[in-house]
Amino acid sequence: MTTQTTASDTPSAPAAGTQTGLIGIPPLLGRALATAGGALTVISTFLAWTWTSDFPGDLTVYGYPGGLQVLVLIGGALTTLLGLASFGVKGLRWLVPAGADAALKFAALATFGTVWYTVIAISVELGGLVNLEPGGYLVAVTSLATLLGALALPFRRPEPDPIDPDDSRWEHTRHRAAHSWETVKAAFSADAPPAVRRLPAYAEILVIVVVLALALTVFTYGIGTAYDELFIGFLITAGFGFGALSKSGLIAHASQITSRHQNITVCGAFVTAALFPFTQTDDQYATLGVYILIFATVALGLNIVVGLAGLLDLGYVAFLGVGAYAASLVSGSPSSPFHVHFPFWAAVLVGAAASLVFGVLIGAPTLRLRGDYLAIVTLGFGEIFRITANNLDGTSGPDVTNGSNGVSSIPNLDILGFDLGAQHDVGGFTIGRFANYFFLMLVITAVVVLVFRRSGDSRIGRAWVAIREDETAALAMGINGFRVKLIAFAVGASLAGLAGTVQAHVTYTVTPEQYLFAGPIPPNSAFLLAAVVLGGMGTIGGPLIGASLLFLIPNKLQFLGDYQLFAFGVALILLMRFRPEGLVPNRRRQLEFHEEAEAPTVLEPTGA
Amino acid sequence: MTTETTTRGETILDARGVTMRFGGLTAVRDVDLTVSSGEIVGLIGPNGAGKTTFFNCLTGLYIPTEGEVRYKGAVLPPKSFKVTAAGVARTFQNIRLFANMTVLENVLVGRHTRTKEGFWSAVLRGPGFHRAEKASRERAMELLAFVGLAPKADHLARNLPYGEQRKLEIARALASEPGLLLLDEPTAGMNPQETRATEELVFAIRDQGIAVLVIEHDMRFIFNLCDRVAVLVQGAKLVEGDSATVQGDERVIAAYLGEPFENAPGAEEVAEVEAAEAAQAETAEAAEATEAETEAAEAQAEPSTDAAPGKESDR
Ligand SMILES: Nc1ncnc2c1ncn2[C@@H]1O[C@H](COP(=O)(O)OP(=O)(O)O)[C@@H](O)[C@H]1O
Ligand SMILES: [Mg+2]
Chain D
1 MTTQTTASDT
11 PSAPAAGTQT
21 GLIGIPPLLG
31 RALATAGGAL
41 TVISTFLAWT
51 WTSDFPGDLT
61 VYGYPGGLQV
71 LVLIGGALTT
81 LLGLASFGVK
91 GLRWLVPAGA
101 DAALKFAALA
111 TFGTVWYTVI
121 AISVELGGLV
131 NLEPGGYLVA
141 VTSLATLLGA
151 LALPFRRPEP
161 DPIDPDDSRW
171 EHTRHRAAHS
181 WETVKAAFSA
191 DAPPAVRRLP
201 AYAEILVIVV
211 VLALALTVFT
221 YGIGTAYDEL
231 FIGFLITAGF
241 GFGALSKSGL
251 IAHASQITSR
261 HQNITVCGAF
271 VTAALFPFTQ
281 TDDQYATLGV
291 YILIFATVAL
301 GLNIVVGLAG
311 LLDLGYVAFL
321 GVGAYAASLV
331 SGSPSSPFHV
341 HFPFWAAVLV
351 GAAASLVFGV
361 LIGAPTLRLR
371 GDYLAIVTLG
381 FGEIFRITAN
391 NLDGTSGPDV
401 TNGSNGVSSI
411 PNLDILGFDL
421 GAQHDVGGFT
431 IGRFANYFFL
441 MLVITAVVVL
451 VFRRSGDSRI
461 GRAWVAIRED
471 ETAALAMGIN
481 GFRVKLIAFA
491 VGASLAGLAG
501 TVQAHVTYTV
511 TPEQYLFAGP
521 IPPNSAFLLA
531 AVVLGGMGTI
541 GGPLIGASLL
551 FLIPNKLQFL
561 GDYQLFAFGV
571 ALILLMRFRP
581 EGLVPNRRRQ
591 LEFHEEAEAP
601 TVLEPTGA
Chain V
1 MTTETTTRGE
11 TILDARGVTM
21 RFGGLTAVRD
31 VDLTVSSGEI
41 VGLIGPNGAG
51 KTTFFNCLTG
61 LYIPTEGEVR
71 YKGAVLPPKS
81 FKVTAAGVAR
91 TFQNIRLFAN
101 MTVLENVLVG
111 RHTRTKEGFW
121 SAVLRGPGFH
131 RAEKASRERA
141 MELLAFVGLA
151 PKADHLARNL
161 PYGEQRKLEI
171 ARALASEPGL
181 LLLDEPTAGM
191 NPQETRATEE
201 LVFAIRDQGI
211 AVLVIEHDMR
221 FIFNLCDRVA
231 VLVQGAKLVE
241 GDSATVQGDE
251 RVIAAYLGEP
261 FENAPGAEEV
271 AEVEAAEAAQ
281 AETAEAAEAT
291 EAETEAAEAQ
301 AEPSTDAAPG
311 KESDR
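Read top to bottom, the protein sequences are chains D and V.
608 is the number that full-length UniProt numbering gives the last residue of the first sequence; the numbers go up by one with no jumps.
315 is the number that full-length UniProt numbering gives the last residue of the second sequence; the numbers go up by one with no jumps.
Just so you know, the hints here were simulated from the structure itself, not pulled from any lab data.
Since the structure is predicted, the reported quantities are computational estimates derived from the model, not experimental observations.
C-beta atoms are modelled at their ideal positions from N, C-alpha and C, and glycine is treated no differently.
Wrong hints could be hidden among the right ones.
Here are the simulated lysine to aspartate or glutamate pairs, EDC-like style, with alpha carbons at most 20 Å apart [stated by the list, open to error]:
(1) V:K116 with V:E68
(2) V:K134 with V:E177
(3) V:K134 with D:E471
(4) V:K72 with V:D154
(5) V:K82 with D:D161
(6) V:K116 with D:D457
(7) V:K134 with V:E117
(8) V:K79 with D:D457
(9) V:K82 with V:E117
(10) V:K82 with D:D457
(11) V:K82 with V:E194
(12) V:K116 with V:E138
(13) D:K185 with D:D161
(14) V:K79 with V:D14
(15) D:K185 with D:D167
(16) V:K134 with V:D154
(17) V:K79 with V:E200
(18) V:K79 with D:E159
Listed below are several chain V residues computed to face chain D (Cβ distance under 8 Å; list not exhaustive) [claimed, not checked]:
(19) E105
(20) F119
(21) R172
(22) S243
Chain V is nowhere near these chain D residues, computed Cβ spacing over 12 Å in every case [unchecked claim]:
(23) G24
(24) V70
(25) D164
(26) V210
(27) I257
(28) H261
(29) G432
(30) G456
(31) G461
(32) A476
(33) A490
(34) V491
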């Protein structure tokens, strides 16, 4: 009975190769619908969506969008702009170098997703649809119309693979599912944009400034979201919005421009990051900022080991711990058995040196082996470190680390008379304790970025990549594999130790429980590795973005509670299935994972 | 011995009694081989004869069970990176490029032993670093121009066509400034034009004063190219001599080629030489080979003239 079923038998499926939309609205009408819907959605954000201010963000005010409405406003505006650009309106074409249609679909999804999430959240939290004001209904309808219009835009349908009539029913179903998935993917895909025109230098630098300012705005907004709903809405809007910008080709153009001015971009990025504390009115979110920065810096150090040299280190957080312990023990904590108080620079050296020694001690015996031994040994070492620190408490062993109570009351740093523990007023801005440490940590981050960039683009960095690519061939090219791997391992360890010395002061107390293999609070080894893999191996931006997301999501979505690690695991699996090269792909990696794809064949001479 | 091949120069590679056993399998059996400077030596033999294994023994990837290998008088250390540093570079039968690095970067990796900028130099970036980096890049570009890949310097190695990947492997090996270059089936998978070009390339390399030891299946290629050819069968060296000698040796024909096949390179010559040799009795070297060995070789040699090289998953 299953014999005669082929894909072409289903009358509703349009033939391959034709240019039709996912749904059967005429394309021109769809385009108009999407554009007008976007505009109407923008207007509806000025209406009241609900009658009571019980729903966070106060969506009851006319003429003044609040909370989630602002996000919808942005999404709607983007949709409208892309819609107008898709009509070929003059002056907007630069927005869509890679074509407007796929980008429009993503923008419509961003708007629709945020609106419907909001509407549903209002109904659920306040108990029923009755809590929606007419504005709420209106925006639900306009955003739905926008999405439907966008989905009607034509795209190139993929050819279905021929079906084997002898296959079982299950295989037919699978085959059809695969084809539907291909079709959906095609609907949302865009061609690579043409190379960006060379602009005058000042204009290119202006572009970089705008990009960095945008990044700072998005980051500051995300970190400052005060309630769960707003953060989820932020993730929806930012995620699909990023998708829209990337499909429009703007991201590709921006990254071409930034890669032409790498040094300016890197310096600009640090200046932008240094501006972050000035955007904050109190220390509440600067705290998050400094923790994110510690996490991101350690992840970046791990990226040297994992991303460049290809050494899977599952106990990396232990090096952070060694650095933190070593620095805290010599920094005048009352619970330290050594009653010394080194100046900060000396404590930094002690921390980094201690991590270096441990790195070499672990690396020397294991790096001679190939393959997965290193992963197992480092996993073991991470746990040994934590358990040892737990036991050096005077009862189970000599009193060094004060056991599970940790080294506590670590005094605040005082660098050249500048007390990092105190609040300072700089040009009308109040810079609190965490903001001070944010600046200090930023210096450490700069060091790690510098080491990463410079070593990556040199004889030693090429040797790391060569070892990762093909160890036998690398050896045959005269690379002393063991030595080179040990250097990568030791460099990674000392950089983590460096970050640890600052971390010890930020957290006041250093306890063994901060350095788990996996735990709810980053940084821990599993999250560090996830930040690297999620962000993009072998890149600088990747681990920074990965770490920000991995820190903010558990921090902001408290309601996830016990399911946090589970959700994290699911998210990671999905990501690895659909985007194995990470959020910020290293161009090499992108080629590695998508062999058949339209990836560029020429690698521009830019750094990692 | 066969007539003293040439008086090209002193012996640079001297392998004596090299034997390699994997458990019960003797992949290479008591092989002696010398290469003199300025010489191109061929190594042929049916698939599975142990040619690649012998190369691996020479380059420190395997430590020979018995025997020793000397390069310019010194015993080669049993580590492949030290062998390369000593001046013996190689290519691989199944291409082993750094696929996700650019063409230029691949060659720069080959420069590793001839440069010494370490981690600190890379981080601090003093004038010495920039000078060394610039010199390396220039040398690498020269080598790419030499093999004809300069226009593709910024392409990823993986995106090169097959023939160019083989050329890139040669350029990468040359980057380590070797005195002896070992090529493992450099024309496998190439079309006739590419093979011709490779031939020219090998001559050009020899003319730079680099001795070449080459494994190949393509008979025309090997007999055109080599000053001397050694035949490996079942791990043991069967014959060694100049092209004519080897081409004419009936045991080689039996062991390696199976039966002489139609359009075989030099089929007529083989017949001629065969006739001549029948009268001339055996060469001195042939006498050394035992009857038993020859019989065994004849009994087991597969007529694998259409051998598919590159399929083996060797190192
Ligand atoms: N690492 C190894 N372990 C076991 N057997 C091996 C190994 N390497 C090669 N051999 C065996 O040695 C023999 C010679 O192989 P090889 O040197 O690759 O032949 P050739 O290059 O002449 O075609 C084959 O029988 C092969 O299976
Ligand atoms: Mg072989």
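How the hints compare with the structure:
1. Restraint check for K116 (chain V) and E68 (chain V): the C-alpha separation of about 29 Å exceeds 20 Å, so the hint is violated.
2. Taking the CA atoms of K134 (chain V) and E177 (chain V), the gap is about 17 Å. The hint holds against a cut of 20 Å.
3. Simply put, K134 (chain V) and E471 (chain D) have alpha-carbon atoms about 26 Å apart, too far for the 20 Å limit, and the pair is violated.
4. For the hint linking K72 (chain V) to D154 (chain V), the alpha-carbon distance of about 37 Å lies beyond 20 Å, and the restraint is violated.
5. For the given pair, K82 (chain V) sits about 52 Å from D161 (chain D) by alpha-carbon distance, which is inconsistent with the 20 Å threshold.
6. Annotation: proposed proximity of K116 (chain V) to D457 (chain D) holds, straight-line Cα distance about 15 Å (limit 20 Å).
7. Simply put, K134 (chain V) and E117 (chain V) have alpha-carbon atoms about 12 Å apart, close enough for the 20 Å limit, and the pair holds.
8. Pair hint K79 (chain V) plus D457 (chain D) does not hold up; C-alpha atoms about 27 Å apart against a cutoff of 20 Å.
9. At roughly 18 Å between alpha-carbon atoms, K82 (chain V) and E117 (chain V) fall within 20 Å of each other, so this suggested pair holds.
10. Restraint check for K82 (chain V) and D457 (chain D): the C-alpha separation of about 24 Å exceeds 20 Å, so the hint is violated.
11. Annotation: proposed proximity of K82 (chain V) to E194 (chain V) is violated, straight-line Cα distance about 32 Å (limit 20 Å).
12. Using a Cα cut-off of 20 Å, the hinted pair K116 (chain V) and E138 (chain V) holds, with the two alpha carbons roughly 16 Å apart.
13. For a cut-off of 20 Å, the pair hint linking K185 (chain D) to D161 (chain D) stands: about 15 Å separates their Cα positions.
14. Distance hint between K79 (chain V) and D14 (chain V) is fulfilled; the C-alpha atoms sit about 17 Å from each other, no more than 20 Å.
15. Taken as a hint, the K185 (chain D) and D167 (chain D) pair is broken in the structure, with Cα atoms around 25 Å apart against an allowance of 20 Å.
16. Between K134 (chain V) and D154 (chain V) the alpha-carbon distance is near 16 Å, which keeps this suggested pair within the 20 Å criterion.
17. The straight-line distance between the Cα atoms of K79 (chain V) and E200 (chain V) is roughly 32 Å, outside the 20 Å bound, and the hint therefore fails.
18. For the hint linking K79 (chain V) to E159 (chain D), the alpha-carbon distance of about 52 Å lies beyond 20 Å, and the restraint is violated.
19. Checking E105 (chain V) against chain D by beta carbon gives a least distance of about 6 Å; that is within 8 Å, so the hint holds.
20. Because the beta carbon of F119 (chain V) sits about 5 Å from the nearest beta carbon in chain D, less than 8 Å, this interface hint is met.
21. About 7 Å separates the beta-carbon of R172 (chain V) from the nearest beta-carbon of chain D, less than 8 Å, and the hint is met.
22. The criterion of a C-beta within 8 Å of any C-beta in chain D is not met by S243 (chain V), whose closest approach is roughly 29 Å, and the hint is violated.
23. Under the 12 Å C-beta cut-off, the non-interface status given to G24 (chain D) relative to chain V holds; the minimum distance is some 41 Å.
24. With a closest Cβ-Cβ approach of about 42 Å to chain V, V70 (chain D) is found to remain outside the 12 Å limit, as its non-interface label requires.
25. D164 (chain D), annotated as away from the interface, keeps every beta carbon of chain V farther than 12 Å; the closest lies near 29 Å.
26. Remark: the non-interface label on V210 (chain D) is consistent with the geometry, its nearest Cβ contact in chain V lying 29 Å away (cut-off 12 Å).
27. At roughly 19 Å, the least C-beta separation between I257 (chain D) and chain V is larger than 12 Å, which holds for a residue marked as non-interface.
28. No Cβ of chain V approaches the Cβ of H261 (chain D) within 12 Å, the least distance being about 19 Å, so the stated non-interface status holds.
29. No Cβ of chain V comes within 12 Å of the Cβ of G432 (chain D); the nearest lies about 33 Å off, and the non-interface call holds.
30. At the 12 Å boundary, the C-beta of G456 (chain D) falls inside the reach of chain V, the nearest C-beta of that chain being 9 Å off.
31. The Cβ of G461 (chain D) sits about 7 Å from the closest Cβ of chain V, inside the 12 Å cut-off, so the non-interface label is violated.
32. The Cβ of A476 (chain D) does not lie farther than 12 Å from every Cβ of chain V; its closest approach is about 5 Å, which violates its non-interface assignment.
33. Here A490 (chain D) does not stay apart from chain V, with its beta-carbon only about 9 Å from theirs, under the 12 Å limit.
34. Distance to chain V contradicts V491 (chain D) as a non-interface residue, since its nearest Cβ pair spans about 7 Å, not more than 12 Å.
Violated hints for the displayed structure, listed by number in ascending order: 1, 3, 4, 5, 8, 10, 11, 15, 17, 18, 22, 30, 31, 32, 33 and 34.
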